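We have chain A; now place chain B onto it with these hints.
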Amino acid sequence: MATELPDDEYLLRQIQEGDSAAFATLVKRHTTKYYNLAFRYMANHESAEDVVQIAFLKLFENPSIWNPKKGVKFTTWFYRIVVNLCLDNKKKYRTVQLPETLEISDGKLNQEEETLAQEAKTLLAFEIASLPDRQKTALILCFYEEMSHKEAAEILAVSIPALQSLLMRAKETLKIKMKEYLRDINE
Amino acid sequence: MNKDKQLDQLMSTYKVPLVSTGLADRIILAASHVQQRQSIWSWIGRMFEEFKLPLPGYSFASLLTIGFLVGFLAYDYVDINNIEDVYVASIESIDQFLGEDEIFL
Chain A
1 MATELPDDEY LLRQIQEGDS AAFATLVKRH TTKYYNLAFR YMANHESAED VVQIAFLKLF
61 ENPSIWNPKK GVKFTTWFYR IVVNLCLDNK KKYRTVQLPE TLEISDGKLN QEEETLAQEA
121 KTLLAFEIAS LPDRQKTALI LCFYEEMSHK EAAEILAVSI PALQSLLMRA KETLKIKMKE
181 YLRDINE
Chain B
1 MNKDKQLDQL MSTYKVPLVS TGLADRIILA ASHVQQRQSI WSWIGRMFEE FKLPLPGYSF
61 ASLLTIGFLV GFLAYDYVDI NNIEDVYVAS IESIDQFLGE DEIFL
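From first to last, the protein sequence lines are chains A and B.
One point on numbering: in the working numbering, the residue at position 184 of the first sequence is 184, and numbering is uninterrupted.
One point on numbering: in the working numbering, the residue at position 10 of the second sequence is 10, and numbering is uninterrupted.
Just chain B, same shape as in the assembly:
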């Protein structure tokens, strides 16, 4: 028999002593005194575990629609031909503004 087989045979005779019968119970008991740590990320992850985004096409179309809606609602129409709609600064305030800058010069 060659040395490799002899070694394999010898190695297979190496048996581990039996584990203590109470080891599992000891571990379980010790765990009952341990406070579980929950990372904030895993907690957040679990909160959103069931949340799924719709198909990209639908997401894009929805976003576009919301964008148009928000755009139209926020749009403040100004008719530049109507002088009442346009804010024109008074001559005094323009002079005052320019005058403040000239102090530094």
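Chain A on its own, in the form it takes in the complex:
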């Protein structure tokens, strides 16, 4: 018989009572998810890992900062914590780390096309990291984290139409910045 895994809210209550095993379970469950978010925000592997570590340690040090009575899911609340930390540490980790390795070709593209595609990905990572904070957050949460507009709006503390406007502006900016590659790759 499969044992039911404890939910995040239960683990948090355990952490509030000083249970380090519950903290370990929570960390193992969510590290990758929040690392992905932080990386897309900062485009830097080390800083993304640092931010995730700081966020979890803050939670462990003062677990009462999460209040279950506010009715917000832990994952949504912790997204906000990580996003805020990314913003706070933006100046500290200013360097945008561009992808170093080329992906293995699937044989459909020739060398030149592959280089161009890689160049486009590199530039895209840079351009996303360079977007204004709120536009970047909206784009990452909705496109990469596949959050609903309602959830993303809650994290950004804006209305749904405002979030949609941020998303649209982010995409417009990216379309302009990436126009060379959009034409070259697909035409």
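Don't read these hints as lab results, they were simulated from the structure.
It should be emphasised that the depicted structure is a prediction, and the values quoted were computed from it without experimental measurement.
Don't be surprised by glycine CBs; every beta carbon is placed ideally from N, CA and C.
There may be inaccurate statements among the hints.
[As the list claims (entries may be wrong)] Pair by pair, the computed Cβ-Cβ distance ranges are: (1) B:60 x A:162: 43 to 49 angstroms; (2) B:41 x A:175: 48 to 54 angstroms; (3) B:40 x A:126: 43 to 49 angstroms; (4) A:118 x B:47: 55 to 61 angstroms; (5) A:179 x B:41: 51 to 57 angstroms; (6) B:40 x A:175: 51 to 57 angstroms; (7) B:61 x A:21: 43 to 49 angstroms; (8) A:61 x B:55: 36 to 42 angstroms; (9) A:61 x B:8: 37 to 43 angstroms; (10) B:30 x A:84: 17 to 23 angstroms; (11) A:28 x B:63: 49 to 55 angstroms; (12) A:87 x B:59: 45 to 51 angstroms.
Quick look at chain B alone, frame taken from chain A:
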């Protein structure tokens, strides 16, 4: 293909490098050296977490009963018709009291 779809396609190719395998363990290890802070309010809150007030009707009736009980027990009956029960100040003490006030005049 329009530019929106092209951009979405390009964006979906942007993959995040894999997280270090030891990151979770590093965080857990770092946490073992961190002292947990407990706010006094959360501690008090937890102490009374299971405490629940009874229904308002019962609370009101209980309070009323306790009030009557305390009132009756604390009541010191004085029969004003019985001169022994009533404290009457002596003439000297009244004069002295009034005399003290007249000094200022």
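**Asked** Checking against the hints above, which ones are violated?
**Response** Going through the list in order, the structure violates no hint and respects every one.
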